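If you want the building blocks of each chain, they are given just below.
2 protein chains.
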Amino acid sequence: MDFKLAGAFLAAALCLPVAARADEGMWTFDAFPAARVEQSLGVKIDQKWLDRVQAASVRLTSGCSASVVSPEGLVLTNQHCVIDCAQNLSTGSADYVKDSFLARTREEERACPGIQAEILLSIIDVSADVSKATSGLPGGDFIKARNAAYARLESETCSRDLQTRCQVISFYRGGQHKLYRYRKYSDVRLVFMPELTAGFFGGDPDNFNFPRYALDVGFLRLYEAGKPVRTPQHLTWKARAPVPGEATFVSGNPGSTDRQLTVAQLETQRDLVIPVSLLQRSEMRGRLIEFSRRDVESRRIATDPLFGVENGFKVNFGRQFALNTPSLMDAKRAEEADLRARVAADPALAARIRDPWSEIAAIQKVYADQYLRFRQLEAGSGGSSDLFNFAHILVRGARERGLPSAERLPEFADARLPLMEKQLLDASPVDPALEQLEMEFWLLKTREYLTADDPATKLLLGRDSPEALSEALVSGSKLGDPAVRKALWQGGLPAIEASTDPMIRYALKIDTEARAARKAWETQVSAPTEAAAARIAIARFAVYGDKVYPDATFSLRLSYGKVAGWTWRGTEVPATTKIAGLYERATGAEPFRVADRWLAARDRMKPDTVFNFVTTNDIIGGNSGSPVISAKGEILGAAFDGNIHSLGGDYGYDGTLNRTVVVSTAGATEALRHVYGAEALVQELGVR
Amino acid sequence: MDFKLAGAFLAAALCLPVAARADEGMWTFDAFPAARVEQSLGVKIDQKWLDRVQAASVRLTSGCSASVVSPEGLVLTNQHCVIDCAQNLSTGSADYVKDSFLARTREEERACPGIQAEILLSIIDVSADVSKATSGLPGGDFIKARNAAYARLESETCSRDLQTRCQVISFYRGGQHKLYRYRKYSDVRLVFMPELTAGFFGGDPDNFNFPRYALDVGFLRLYEAGKPVRTPQHLTWKARAPVPGEATFVSGNPGSTDRQLTVAQLETQRDLVIPVSLLQRSEMRGRLIEFSRRDVESRRIATDPLFGVENGFKVNFGRQFALNTPSLMDAKRAEEADLRARVAADPALAARIRDPWSEIAAIQKVYADQYLRFRQLEAGSGGSSDLFNFAHILVRGARERGLPSAERLPEFADARLPLMEKQLLDASPVDPALEQLEMEFWLLKTREYLTADDPATKLLLGRDSPEALSEALVSGSKLGDPAVRKALWQGGLPAIEASTDPMIRYALKIDTEARAARKAWETQVSAPTEAAAARIAIARFAVYGDKVYPDATFSLRLSYGKVAGWTWRGTEVPATTKIAGLYERATGAEPFRVADRWLAARDRMKPDTVFNFVTTNDIIGGNSGSPVISAKGEILGAAFDGNIHSLGGDYGYDGTLNRTVVVSTAGATEALRHVYGAEALVQELGVR
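Protein chains in written order, with this note's numbering: chain A, 6 to 693; chain B, 6 to 693.
With the rest of the complex left out, here is chain A (with noise of 0.2 Å):
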């Protein structure tokens, strides 16, 4: 095989056309193109298929997608989606991330810290209501009206009704506003997690590669008052192998893609976003291998962040140089040129839309003048430090929440607030020396970025350096625990000025100079592009009609295609891989090491049974769980992954190249029976 990175800097031409080409685009249910599907696929989706699907759909707040496939609300995932909970859950003496997690009976299932499982009731079109309300405000006001638009309209139809969360979602970068309605789960527990060598078998190397063998699943249940929740409308685990060319449909939540953006955005992200991204996470990647080595507890408490870093290091690696390529960007430039030449050829949609483009070419200066401070003294203050979080969370939410709810910050308003106390104040471990390197890591990239003689760098170090500054901070806290978050809480202004928290002191100290850049960052960068880009939306509209998608926005969308390997440099890489294959790559090292349980069972396991396997579907990070859908409605496994050629799919789609990368039901039910026992899950997805 020779689908290497290093040919990846060279990738073919991603296509990038004007309207998407067959098994393109992420769809909203709302506007699936079923007849398009039905030419290319040859197979007919109706309404009553896509209600199912949605009804069976969940969201996951801690980013991933997942499905209902039980009628007791047993829930589908990855492995890589549940990590965090097993960490959680995990202590010096039961590490489930090393060992595995398998309740055997209901009791033993247990909560997972600060998930929220959400599955979509309904969607509104609010695009007149937000438009009305922002109509030709600038800068700051326009914001403003925008956050108090949302704030209303979700408080109006969900505020009183503890079981649904309601969420406006702006498509097309501001060119729809849609309320999204969702039934909430906020008692889901974890029921089986597979051990990290076999979920992430290959780990970072094999990460985004193919062929694969991971069992990259997880199962969760979903709870309400202490008992499993009903759930009829799951969809059906059918534990078959997948035939090459047949149609796949992916339900799940994308979470971000720039598909949209203009040509002088694609350069601020290639000169300047990513490439910081990039060099942050190298250098963390770093620190917690380093810190890992340290002792056996540390290596346990680095696992899942450092597969945080490795992985977003890759995402953004591949971003890289995909817009490195001559042609991907020859391509958005020819692309950009033909909408702005079919406006300027329509008078009246030329004044309606003016130059949009010019417009946001201009505020990239002031983008890229501002981004570093506005990253790290608001965007990403504090890295991944959950105690500084804790503290920015309670020190704002004190502020915020003595204002009306549409005058505060948008993640403080009423409709938000519920999900919010949930992640503040679900009881998780705080590791002290992890948290302190994230601290000083944020402090020392913070002064690096912004110079030693900034007035910000002072007021954030004084004459401490960040190693101290840090240490002082996280050792004096007591955020840690969640009573006294919980006190601070509900405490409000006068708790938290009376508290002598040095965290909490901190967030304190620091909170007018980050609210500065924020506003600086909102008033002459995001709502000036906000209002520019929803310009061209109209304009993309007018000139393509409904054959356009949005970008991804965590919400849930529907991708369709089929079952197929593809070719690179002449070498045709083929659509599965067999359990057989698992035990061949195994080398007994790290990260190609099975565990012995594996080992024992390979005489028990088919091993031409399908392990993993690779579609069309057009997919993006966000999307990790997502069912993979036959078009009987049968779930053939759990999307996991996209191929390295899938990475600038941020930008672009290229159906000859891009794959997504699966853990199928066959390879899953063989692995639950014969290495896990797991016998009771087995026969409530219905295998027989």
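None of these hints come from the bench; they were simulated from the model.
Fair warning: this is a prediction, and the values are worked out from it, not measured in the lab.
Check each hint, because a few of them may be wrong.
Identical copies go unnamed one by one, so any copy, or any two together, can satisfy a pair.
[Claimed, not checked] In silico DSSO-like pairs for lysine-lysine, Cα to Cα no more than 27 Å straight-line: (1) Lys319 <-> Lys463; (2) Lys552 <-> Lys53; (3) Lys637 <-> Lys552; (4) Lys319 <-> Lys149; (5) Lys463 <-> Lys583; (6) Lys552 <-> Lys103; (7) Lys611 <-> Lys583; (8) Lys491 <-> Lys319; (9) Lys637 <-> Lys53; (10) Lys370 <-> Lys611; (11) Lys137 <-> Lys49; (12) Lys370 <-> Lys137.
Position chain B against the provided structure of chain A, taking the given hints into account.
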């Protein structure tokens, strides 16, 4: 001050004129533009001045510049140029990097392992010889013939003379070849180095920034036959403040610039070479920072490697953002278009030059395809592991030395062997933990770039993990012992083949694959690039005459300029800092801490003594330690850094922004006298 890194992302256009502007250029001593200097600065530089400066200018084989400053072989350079020596001389109980080093008598001066000092004696143009030998040869034959010609020319001139070294250097990317003959001094001893907190005050945050307050000086002494070398032709140390606007000359060895690359080559640097180098350095930086936390000894050991990684990171970061500055690439495109148009307008010239630009553009695809393989398997094999490097040289050397000099890989030609032997056989400490980290990192990155499925990865790792393999190779190797290396070097191929040292066995195992990567690279990338670039050089001479200087090649150059601050976004940065400013900037926390002896000396120092200053001289890495000389030939300081804007100097020079950062003789004298009590040294410098 607002000269922050964020701002540099949007740095004003770098001016890239076809011919050099005022203060631009790293000129060879045989083509110094004295008339232009007189016109620009109003000072006359005659041949006597040039001869005297050349005779006192020193190249250190460790990659730095220096100058002779007393009649008894005393040499001035930077602290950061001798820190590796001090680290090699240090032990757990005597840490000179942390505590400083001062030899109070000649007997206390200590030899620096592996360092040779070289003073240029003469320059001979051998372009005709080389052209004759290589004319019309394709790919691999071209490289072979050129190497043979170099080896022959070097041996003919120098081989029987143990006191000289001859080196043929290629200028204008193959447009000229000149033989540089050096007087060499292989016994170089450490005389003085301040503690790290003084030499590198401000650490990484202040690196490449200004105002600065660093005593970045180090003194060495040249020895021969156990005695200090008599050096009557030394520069005169002048402990006076530089006068704003006064002419300054920097004589030193700029390492490498890319000002004559084509646009296609710059794009490869921007999109592939620099990003990979940044990412590797970032991750290694994180590794080393955490590594240094293990214990006091690990911190000591990691200090110098960490400095190197952070410095290299910042240099490449500046380059990356310069290449991302649209105005720079626009200027490069305009420059290239101008030259191509002028060539096209002259049919005779056009017939001779053909189209080297398109040839080089076509090579870039091969470059991108082979770069990571060549980098990992050959150019950067073993990472920075000393043990692997020893094994590599021993294995290659044993094989190559069996061939006639002219047929060997050029680094093993007879004229190159004495320095290679010195570097291989001088005793210096090897730290197993650091070695293991370097080897492991190299193996991990090789697998990451080539993928686990590549045959080369399989050869490198077999069924081992990078972690286990690197541990086994390092812990089992005896190559840290210079006597073992000497026996293997002298024993030649039979000794190598009989060796059971695991690192030797490993270097033997991978040598064929590594040589193949090199051969492919040289045949398909370097040779055709050089052949095309030589024709571009011919075109430049034909069109622009002698107004062009060659790209830097770590050979002696002279740059001219003046003492001057600069203005950035409306803020004036003054040209000098004073000793008082050091005390004001010191916070007590690393890296803004000063040693107790500095605090104690505060009252004895004249607070308004100039400490550091900036000039417009055009320099780059390799110039570190260069003397900064007045028009009268007095030495006013040692260049040790550039400002943040100078980081784009790899591609072009902008006299309005680019600055050389200098530690002044006045400030150094004050510190030597009052902080270190180094009165004998001050006397030797001729200060009264």
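Requested in this report: Go through the copies and call it for Lys552 and Lys103: within, between, both or neither, with a Cα cutoff of 27 Å.
Outcome: neither (47 Å within a copy, 67 Å between copies)
Query raised in the report: From the Cα coordinates, with 27 Å as the cut-off, is the pair Lys491 and Lys319 best called within, between, both, or neither?
Result: neither (37 Å within a copy, 44 Å between copies)
Query raised in the report: Taking 27 Å as the upper bound on the Cα-Cα distance, should Lys370 and Lys137 be classified as within, between, both, or neither?
Result: neither (30 Å within a copy, 53 Å between copies)
Query raised in the report: Given a CA cutoff of 27 Å, do Lys637 and Lys552 count as a within-copy pair, a between-copy pair, both, or neither?
Result: within (26 Å within a copy, 76 Å between copies)
**Report entry** Status of Lys611 relative to Lys370 across identical chains (alpha carbons, at most 27 Å)
**Finding:** Neither: 59 Å inside a copy, 45 Å across copies.
Query raised in the report: 27 Å Cα cut-off: does Lys463 pair with Lys583 within a copy, between copies, both or neither?
Result: between (58 Å within a copy, 22 Å between copies)
Query raised in the report: Between Lys552 and Lys53, at a C-alpha cutoff of 27 Å, which is it: within one copy, between copies, both, or neither?
Result: Classified as within: same-chain Cα gap 23 Å, cross-chain 78 Å, threshold 27 Å.
Query raised in the report: With identical chains treated as interchangeable, where does the CA-CA distance between Lys637 and Lys53 reach 27 Å or less: within a copy, between copies, both, or neither?
Result: Answer is within; shortest intra-copy Cα gap is 11 Å, inter-copy 92 Å.
Query raised in the report: Is it within a copy, between copies, both, or neither that the alpha carbon of Lys137 lies no farther than 27 Å from that of Lys49?
Result: For Lys137 and Lys49, neither the intra-copy (39 Å) nor the inter-copy (74 Å) Cα distance is at most 27 Å.
Query raised in the report: Under a CA distance limit of 27 Å, which applies to Lys611 and Lys583: within one copy, between copies, both, or neither?
Result: Within one copy only: 9 Å inside, 78 Å across.
Report task. Pop the pair Lys319 and Lys149 into one bin, within, between, both or neither, using alpha-carbon distances up to 27 Å. Result -> neither (36 Å within a copy, 40 Å between copies)
Requested in this report: Classify it for me, Lys319 with Lys463: is the Cα-Cα distance of at most 27 Å met within a copy, between copies, both or neither?
Outcome: between (34 Å within a copy, 22 Å between copies)
Violation of the numbered hints given earlier is confined to hints 4, 6, 8, 10, 11 and 12; the remaining hints are satisfied by the structure.
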